[in-house]
Amino acid sequence: MKQLILLSLCCFYCTYLHAQTEKEFGRYRPEELFMKQFPDDTIAEAVILFDEGKANFVNTNESGFNIIYERTTRIKILSEAGLKWAEFEIPFYQNGNTFEIIYDVEGFTHNMTDNMYHKTPLNAEQKYEEQINPYWKLRKIVMPDVKAGSVIELRYKLSSPRLFNLRPWNFQSNIPTVCSQFELQMIPFYVYNYLLEGARKFDENKSFTSTGPEESFHGINFRRLVHQFKMTDLPAFRDESFITCPDDYIVKLNFQLAKVNYPDGRTKEFLSTWPVLIKEYLEDESAGKFIRKCEKSAKSLLGNSISQLTDEKEKFTGIISFIKNNFNYNNRRGIYASEDLKEFIRNKHGNSANINLLLIGLLRSAGLQADPILISTRDHGKVRAAYPYMHFFNNVIACVSINGKKRLADATDTYLADNLLPIACYNELGLVMKEGDVTWLNLQSSTPASQNIYLQTSLNDTSFLTAIRLQATGFFAASLRKHYGNDPEKIRNKLQEEGEPVADSLPQVINYFERNERYQLYYFQQSQPEIINGNIYFSPFLNFPISNNPLKQPTRQYPIDMVNTTVYQYASRIQIPENYRFKFLPENLNIDNDLFSINYTSTLEKNAVLINCSYKFKKIIYPATDYPKLQNFFNTIIKKANEKIVVTSTTE
1 MKQLILLSLC
11 CFYCTYLHAQ
21 TEKEFGRYRP
31 EELFMKQFPD
41 DTIAEAVILF
51 DEGKANFVNT
61 NESGFNIIYE
71 RTTRIKILSE
81 AGLKWAEFEI
91 PFYQNGNTFE
101 IIYDVEGFTH
111 NMTDNMYHKT
121 PLNAEQKYEE
131 QINPYWKLRK
141 IVMPDVKAGS
151 VIELRYKLSS
161 PRLFNLRPWN
171 FQSNIPTVCS
181 QFELQMIPFY
191 VYNYLLEGAR
201 KFDENKSFTS
211 TGPEESFHGI
221 NFRRLVHQFK
231 MTDLPAFRDE
241 SFITCPDDYI
251 VKLNFQLAKV
261 NYPDGRTKEF
271 LSTWPVLIKE
281 YLEDESAGKF
291 IRKCEKSAKS
301 LLGNSISQLT
311 DEKEKFTGII
321 SFIKNNFNYN
331 NRRGIYASED
341 LKEFIRNKHG
351 NSANINLLLI
361 GLLRSAGLQA
371 DPILISTRDH
381 GKVRAAYPYM
391 HFFNNVIACV
401 SINGKKRLAD
411 ATDTYLADNL
421 LPIACYNELG
431 LVMKEGDVTW
441 LNLQSSTPAS
451 QNIYLQTSLN
461 DTSFLTAIRL
471 QATGFFAASL
481 RKHYGNDPEK
491 IRNKLQEEGE
501 PVADSLPQVI
511 NYFERNERYQ
521 LYYFQQSQPE
531 IINGNIYFSP
541 FLNFPISNNP
551 LKQPTRQYPI
561 DMVNTTVYQY
571 ASRIQIPENY
581 RFKFLPENLN
591 IDNDLFSINY
601 TSTLEKNAVL
611 INCSYKFKKI
621 IYPATDYPKL
631 QNFFNTIIKK
641 ANEKIVVTST
651 TE
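Going by my numbering, 358 is the number at position 358 of the sequence shown; the sequence numbering is gapless.
Heads up, some of the hints might be wrong.
[Said to hold, decoys possible] Pairs of lysine-lysine, DSSO-like flavour, derived with a Cα cap of 27 Å:
| # | residue 1 | residue 2 |
| --- | --- | --- |
| 1 | Lys616 | Lys644 |
| 2 | Lys137 | Lys299 |
| 3 | Lys616 | Lys640 |
| 4 | Lys289 | Lys279 |
| 5 | Lys289 | Lys434 |
| 6 | Lys552 | Lys382 |
| 7 | Lys490 | Lys552 |
| 8 | Lys137 | Lys157 |
| 9 | Lys342 | Lys296 |
| 10 | Lys552 | Lys606 |
| 11 | Lys434 | Lys482 |
| 12 | Lys619 | Lys639 |
| 13 | Lys54 | Lys157 |
| 14 | Lys54 | Lys137 |
Hints are computed from structural coordinates only; laboratory data are not their basis.
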């Protein structure tokens, strides 16, 4: 269970926080260099020995205050797999006159080779930058001379004018952490709330008034209030399949600006309520007002094609198809439109808010009830409904009422059926942006995804020829449309690149453009038999079934999130010549319970066998207590669905 603690940074006093001294930076400890494995986690590829962060408000004498962040980190590399921890990425913001600066970057790599100690400093050539979007860049740092056994350390400073966005601090990582601590030196003009996630309390913490000299700003004399937080002996958070976002579960500290105290005595509250935030959103030029502009522009965009329809479902299908066919998503999420309406209509592309707010406006123009729903995508983390903060959200979708039933909709993915959202959008809760009662909607998918594969194989003396029919619905169908495209020649080349021995005939695709229909792909595969001691071994379902268990950890403390219920069906008919016989056929298997099911049967016919295998995950979200059962179920699927038949000749 996720643990949350919300407190104000102006009112807690606790125990003393011990800090590692700056004098240790650049020095080595023999016990660290000679460490071969971490005792508390013997499979760890690396371990964070020490990670310290500081945030301090500095008067710029120009525009008020900047926040100066300092970070010092020290990591032991234990294996070749851990070398990636010698590469650091520091995000920094740059937008017009608002920009962050990274400076005073210093680092060392410590090695012990043949009992000889070597220290290699970081140099300028090992630092470079990368633009990740219009507002953010990455400073990339690659530590020198790193190998298994190295100890690396890095420290840097970052100056930021973004006082409204105090950076979070992650205590936990994907490798074990021996000690992680964060210090915040507050001034009386800004009050923040903090949210501790993933733990009930700090191992050590303290708040105290600085003993340094008294400072002055615009006639106000003050001393800083220092807050210190420390966590020790944190286990590695090992990411795994079927998880929303690691940030939902790791131990971290988030901050939210609550109030600004101005030197002239005025105050401004930033801790709001959901009704106030909803009202502000609906009055914003790039949100609620954008929807109303879209509604007014409906006739010029749609003509009379929709107004002549009377059925609500047909209206919805016509409008969402119009948007998917005429506007392009630029792969940038947002809750506010990034382009004004005229520019968006002219350029035919925009962010997710442009697309889906247009959808809402056009649906309203057709007489349908539609509202924006603010959500947080799976990679952005869960929304905490108890805390009214807009930064929880990073995306907007639509909620439309069709014949009295509510439906969630998104028009950004042209490959996806109209009754589905992109997978990233299924993340627990969405907030209805409608004045009145605060309403949260469950974002779980109610539509199962299915994948059916039919194989018809004939054996001759030299090879197997298999006719393959692949059918898919839901997310499986969208994924296949996106992956293979619609060009038969390109599909064949793609299949060959993936290692499939595709026959000379071109594949055939059905319902590529009909995204609400079942996707179908037909092609032939020709393969050589596996012959051992005169026996022919053959996998009835070829390489289609899963072959590696995605649940690899011995235990798990967080839920298994499947996004939606899924059904897999395989059917294989194998024809052999009259001078051959089936020497071995797998046994039938049937498991059916509240969590999952699998059914495997083989039916022998004259010179042929029909083998069916189907399995289903019945729940969308499984609690951590079901992890061992699911892990064993995956092992059962892998073993059974990949089991081979044996064919042998009846002639001497």
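Verification of the hints:
1. Lys616 - Lys644: holds, 22 Å
2. Lys137 - Lys299: Given that 27 Å is the threshold and the Cα spacing comes to 41 Å, the pair is violated.
3. Lys616 - Lys640: Given that 27 Å is the threshold and the Cα spacing comes to 14 Å, the pair holds.
4. Lys289 - Lys279: Distance ~12 Å between Lys289 and Lys279 Cα, so the pair holds.
5. Lys289 - Lys434: Roughly 13 Å separates the two Cα atoms, so the pair holds.
6. Lys552 - Lys382: holds, 24 Å
7. Lys490 - Lys552: With Cα atoms ~35 Å apart, Lys490 and Lys552 exceed 27 Å; violated.
8. Lys137 - Lys157: holds, 16 Å
9. Lys342 - Lys296: holds, 12 Å
10. Lys552 - Lys606: Violated, at roughly 42 Å.
11. Lys434 - Lys482: Between Lys434 and Lys482 the Cα gap is close to 35 Å, so the pair fails against 27 Å, i.e. violated.
12. Lys619 - Lys639: holds, 22 Å
13. Lys54 - Lys157: Status holds; Cα separation ~9 Å.
14. Lys54 - Lys137: holds, 21 Å
Violation of the numbered hints given earlier is confined to hints 2, 7, 10 and 11; the remaining hints are satisfied by the structure.
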